[in-house]
Structures are given as C-alpha cells and as structure tokens.
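Undergrad: For the record, the sequence lines run as chains A and B.
Going by my numbering, the first sequence opens with residue 158, and the numbers climb by one from there.
Going by my numbering, the second sequence opens with residue 446, and the numbers climb by one from there.
Since the hints were made in silico from the structure, they are not lab data.
No experiment lies behind these values; they were computed from the predicted model shown.
A couple of the hints might just be wrong.
With the C-beta cut set under 10 Å, the calculated list includes, among others, these residues of chain B facing chain A [to be verified]:
{"#": "1", "residue": "T479"}
{"#": "2", "residue": "L481"}
{"#": "3", "residue": "L482"}
{"#": "4", "residue": "Q484"}
{"#": "5", "residue": "G507"}
{"#": "6", "residue": "T514"}
{"#": "7", "residue": "Q515"}
{"#": "8", "residue": "L516"}
{"#": "9", "residue": "V519"}
{"#": "10", "residue": "H520"}
{"#": "11", "residue": "P524"}
{"#": "12", "residue": "K642"}
{"#": "13", "residue": "L645"}
{"#": "14", "residue": "I646"}
{"#": "15", "residue": "P870"}
Per the computed footprint, the stretches of chain A lying under chain B, defined by three or more beta-carbons under 8 Å from a beta-carbon of chain B, are [said to hold, decoys possible]:
{"#": "16", "stretch": "197–204"}
{"#": "17", "stretch": "207–216"}
{"#": "18", "stretch": "252–265"}
By construction, the Cβ of each residue, glycine as well, lies at the ideal position given by its N, Cα and C atoms.
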Amino acid sequence: MARESNPLGGSTAMLLMKLLEERDMYGYQMIEELRRRSDHTFDLKAGTLYPLLHGLEEKGWVTAYLEEENAARPRKYYHLTKTGREQLREKKEEWSRYARAVDRVLEGGFSLA
Amino acid sequence: MPENRNKIEEYVAEVCEQIRWKRAKEGLAMELRTHLLDQQDACLAEGMTEEEAQAESVRQMGDPVEVGTQLDRVHRPKPQWDLMLLVFGLVVIGLVLQGVLMMEVPYDDVGRVYAMRRSAAGAVLGGVLMLGIYWLDYTILGRRAPWICGLWAGVAAISIPFSHRINGRLYNTYYLLLLAPVCIALLVYGMRGKGWKGLLICWTGIGIFAIEGAVVVSFSMIMLIVFTGNLLILAAVWRGWLGVPKGAATGCTLALPLAPILWMLLNSAYLSDRLTIALHPELDPLGKGFMTIALRKLLRGARWMGRGDTAPWKIPNAYDDHFFTWVIHLLGWAAGLALVAALVLLLAVALRRCFRQKGMLGFLLSLAAVLTLGTEAASYVIYNLGFGFFGALSLPFLSYGGRYMVVNLALAGLLMSVFREEHLPQAQKRETPRLRRKWITLREDGAVVILPPWVKKAAQ
Chain A
158 MARESNPLGG
168 STAMLLMKLL
178 EERDMYGYQM
188 IEELRRRSDH
198 TFDLKAGTLY
208 PLLHGLEEKG
218 WVTAYLEEEN
228 AARPRKYYHL
238 TKTGREQLRE
248 KKEEWSRYAR
258 AVDRVLEGGF
268 SLA
Chain B
446 MPENRNKIEE
456 YVAEVCEQIR
466 WKRAKEGLAM
476 ELRTHLLDQQ
486 DACLAEGMTE
496 EEAQAESVRQ
506 MGDPVEVGTQ
516 LDRVHRPKPQ
526 WDLMLLVFGL
536 VVIGLVLQGV
546 LMMEVPYDDV
556 GRVYAMRRSA
566 AGAVLGGVLM
576 LGIYWLDYTI
586 LGRRAPWICG
596 LWAGVAAISI
606 PFSHRINGRL
616 YNTYYLLLLA
626 PVCIALLVYG
636 MRGKGWKGLL
646 ICWTGIGIFA
656 IEGAVVVSFS
666 MIMLIVFTGN
676 LLILAAVWRG
686 WLGVPKGAAT
696 GCTLALPLAP
706 ILWMLLNSAY
716 LSDRLTIALH
726 PELDPLGKGF
736 MTIALRKLLR
746 GARWMGRGDT
756 APWKIPNAYD
766 DHFFTWVIHL
776 LGWAAGLALV
786 AALVLLLAVA
796 LRRCFRQKGM
806 LGFLLSLAAV
816 LTLGTEAASY
826 VIYNLGFGFF
836 GALSLPFLSY
846 GGRYMVVNLA
856 LAGLLMSVFR
866 EEHLPQAQKR
876 ETPRLRRKWI
886 TLREDGAVVI
896 LPPWVKKAAQ
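So that you can see chain A by itself, here it is in the shape it has in the complex (with noise of 0.2 Å):
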C-alpha cells in the first residue's frame, strides 16, 4: 500500500478541493488562484485539471453547474459536497502526517542504531 502512505498523488486533487471549499468556481479560475496562492509554483495544466475534476465529480465529491450569464461563454461551476468535504478532511490529516514524518527525517538526522 505504498501509494496510500504517499499522499503526494492525490495532492492537487486537495488543494482544488481546498479552493473549492471557499467558494464555488470555474476551470479557469481555479489554475489562476493556484497560480496566485502559490506565488507562482502550482502552475497546474488545464489539460490537467479537467480530467482530474471530472474525476472528482464521477466520485460525487464535487458536482458541476452552468452559468450562462454570457451566452458566448457558459461557465461550468464546481461546488464541494459534503461528502468532499470529508474527503478533504481526511486528506489534509493524511497530508500533515505525511509532511510531519518528512519533517522529522530532514531536521532529525541521528538514531539510536
């Protein structure tokens, strides 16, 4: 189960369900807020992003609705169920135990071996 102990894999899914928690938003919106939050180090692919958030939605952890306000442009919005609320939950714990081991490692260095 080395992936489950890894949760480096699932991390973008996190932070666009992260985004997501805030508020409501669209593709596009969400790589510029990444872009902007990250000061530039998440510069995540659209070509990326939405089979990941279609993937999201088949899980019904988030579901999607259109906005047609401009014709031209109808913009599907994403919206964080409650059930990806708790997954997020659970994947933020599974992350900061993940980083707090990585912590230890890097600035422990000695053992008793």
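With chain A held as given, fit chain B onto it using these hints.
TA: Leaving out everything else, chain B in the frame of chain A:
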C-alpha cells in the same frame, strides 16, 4: 481573426477526436473552449497579439491527445448488463412458469396456444423495444417535456371510445395509463423554478390522469398515478427543483393523495365491496369474497417446497391475475419468495442508481419507472396473498399479459438508458433562487414593516 479562431477550434477538435463517446463531446468541448477563450483574453490584456495569445492559450492547455485520452477514460457509457441479464432471466422464468401453469389449469387447447403466443409475442416485442430505448438518447424527452405529457394524456383520452370493456374495464386506455408516471415526471421536469404555479400544474396533470384512471374503472390505476405522481413531486421539491419552500410544498403534496381516499369513503358501496373482499370474504363467499377465499385456501395448503395440499378448484385467470399464488401452490413458498427476492433486488439496484443521477431529467424519469414497476409488483403480491383491497396490476416481467410485458420492458429500457449515460458530462443551469415575497420585513433602522409585498415593490 478567423485563423485565430481556428487554432482554438483545432485544439478542441483534436481533444474531441480522442473521445469515443460521441454524445460526451459537446459538453467537454464547451468547457474547454470557454477556458481557452478566457486564457486568450488574459494574454491579450498582457499585450500579446491575437495570434500569440492564441498560441499561448493552447500551449498552456497541454497536449490535446493526452488531455483527450484522459477525458475519454472518465466519460464512457456505462453498460447495464447486470440489469439487462436480470430482466432477461425474469422474462424467461416467467414464460416457463406460465407454460407450466397453463398445463395445470384446465383449459382448452386453442385458448392455451393463444395465451402462450400472446405472452411470447409480448416478450419479443417488449425486448426489442427495451433495447431500442436503451440505445436511444432519452434526453430528447426533456426538450418538450410538458407537451409530451399533455400529448400522452390526450392520446389516452382519445383511446377511451376505442377501448373495449373486459369485465367493465377499458383495456386499451388502461395500458396507455401505465406510462402516466413517466409523463408526470416529464411535467415536473418542465416546471423548473416555476414555484407554486408549477406545482399547481403538476397536480392538475396528476388529476387529469387520475380522472382517466377513473373512467377506465381501475382503482389500482388511480392509486398508481396519485401515489407515484406525488412521490415524484416530493423528490423534485426536495431537490429544490420547483423553487417552492420545502416544508409547505411537502405538506400540500402529502395531503393531496387523500382526495381519492376521501372519494372512496364517500362512495360507500365501493368501499364496502373492497372491505368485504379484503377483510371479510366469508360474508359473500360465492360472490365478491369468492376469489379471496379461494386464494387463501390455496396458500394455507401450500408447502415450503413442492406442491401444496389443497385441490385448486375453480380459480379462473390462474396465470393472469393469480400467477403468484399459483406458483406458491405448485412449487412452494421457497419458489414464490425467490421470485419476489429477484424482483426486489432488481428494483433496489435500480433505485440506488436512480439516486446517483446528477441530472434532474434522468433522476425523475428513472424514479418514475422504478416506482411504476414497484407499485405494480406490490399491488400484485399483496392481492395474491389474499388481501384484495386493491386489484392486482402485474408482476413485472413474470405474470401473463402481452401488453403488460411490452410496457414493463419499455420502462426497463428507459431505466437502463438513463443509467447508461450516467457519466455524460452534463451540467444544469443553476436554480436561480426565487425571491420570496415577504409580508414582514426588518428595516435597517430596526423597524418592523408589515406591508403586502406588491406595495413594497411599488415603493421601491
């Protein structure tokens, strides 16, 4: 400009080429196109030329083939082999059991051949219809939803003079009305955000179908229409579809089905008949209570497995209205329970998938189909267990009836068609919250204002 436009379109087209599910393409293309246009605007704002902006947007999106392949993996039709196999199995078991029953029941050979032919024809025709509907795009029903409902109510009304009465019942209209719940689902779907007016139209629709049910003379049909219709409304109200306050709308919707029950109470002759049949059949053992007594006798003599003790005398319509009792009599309670278990499994799986639907049209249509099949089965089993308060509709896919089989298989096809497209990228427009007109409002300075809402509106 056209060249720039082509770059975005070229990219979107290339992504779509990777997606095998034709119907998924439109929604995906729309989302990607909007994103690319947003990106292009941002680049233009940074001072790029249109061509540069275009190239940059496409570059940021990533490799179209890879994106398309990944999206293709998420959006695929979901074949419904399990449900199809279950339905097919039930139909085959039903045909075999009907054949066995026909051999048991004293019947002339001509009648037997005729009945068996009807059953087989119903199964074949229904099977073709089921597959046809399964492959069909059910969302076309959503485009003119309320009109389709009205049209069907009209067709049912027109069919009344062309229906022949068997035992006092108009049979052609009767089978058309089995699709009333599906039509009501379409009506409810069409009333999105229409508030109380929409709710009133839905109730009117249910009322019209229920009156047609009364003309047909089938209390079970009226109950089917009123019961499923109101459950569909409730489901829509609870998903915020109609834009009415949930509590009040639920109260009204629950109170409304009392109308036919009230009608029955007022119609005391009918009520006493049904009560006699269901509760005290011994009061009229050779008339109204005859069937109940005969069914109960048959069940009392039934064994856990194998043929029961009671000699089954003089039960007409053995494979028609009393199929279930006969199966229990001939093969034992175990066989009867197994049939019910298989049907319950089918309906439970369907109901679970129904509640997973993201789109409202798919949700309401599949719910209508499950509720129709479920009500039919419940009425049939209860009646066959000797509680004839309501007449039996049918035991879906199992009991005799060519036209029943066709309608029920069509409903199964509709269910599977909805579930098959579960992964279609669809997003509905968001419900715009209706402003509730309030009589009492709190002003900013803390004063409470009580005024009719239209006066307030005029003052603004």
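Undergrad: Taking the hints in turn, state whether each one holds.
TA: Hint by hint, here is what the structure shows:
With 10 Å as the threshold, the beta carbon of T479 of chain B comes within range of chain A, its nearest partner Cβ sitting at about 5 Å, so the hint holds. Against a cut-off of 10 Å between C-beta atoms, the interface hint on L481 of chain B holds, since the closest Cβ of chain A lies about 8 Å away. The interface hint given for L482 of chain B is met, as the beta carbon of that residue sits about 6 Å from the closest beta carbon of chain A, less than 10 Å. The criterion of a C-beta within 10 Å of any C-beta in chain A is met by Q484 of chain B, whose closest approach is roughly 7 Å, and the hint holds.
Checking G507 of chain B against chain A: minimum C-beta separation of about 3 Å stays under 10 Å; hint holds. The interface hint given for T514 of chain B holds, since its Cβ lies 9 Å from the closest Cβ of chain A, which is under the 10 Å cut-off. A hinted interface residue such as Q515 of chain B counts as satisfied when its beta carbon comes closer than 10 Å to some beta carbon of chain A; here the least separation is about 4 Å, so the hint holds. At about 5 Å, the closest approach between the beta carbon of L516 of chain B and any beta carbon in chain A falls short of 10 Å, and the interface hint on this residue holds.
With a least beta-carbon distance of about 5 Å to chain A, the hint placing V519 of chain B at the interface is held under the 10 Å criterion. Hint status for H520 of chain B: holds, given a least beta-carbon distance of 7 Å to chain A, under 10 Å. Given the 10 Å rule on beta carbons, the hint for P524 of chain B is violated: about 16 Å separates it from the nearest Cβ of chain A. Interface restraint check: K642 of chain B against chain A, minimum CB-CB distance 23 Å, threshold 10 Å, status violated.
For L645 of chain B, the interface hint is violated, the least distance from its beta-carbon to any beta-carbon of chain A being 27 Å, above 10 Å. With a cut of 10 Å, the hint placing I646 of chain B at the interface with chain A is violated, because the nearest CB-to-CB distance is about 24 Å. Because the smallest distance between the Cβ of P870 of chain B and any Cβ of chain A comes to about 7 Å, under 10 Å, the interface hint for this residue holds. Note: the stretch 197–204 of chain A has 3 residues with beta-carbon separation from chain B under 8 Å; the three-residue rule is met and the coverage holds.
Coverage of the stretch 207–216 of chain A by chain B holds. Counting CB-CB distances below 8 Å, 6 residues qualify, and the rule asks for three or more. Here the stretch 252–265 of chain A counts 0 residues with a CB under 8 Å from a CB of chain B, which misses the bar of 3, and the coverage is violated.
The structure fails hints 11, 12, 13, 14 and 18 (numbered hints given earlier, in ascending order).
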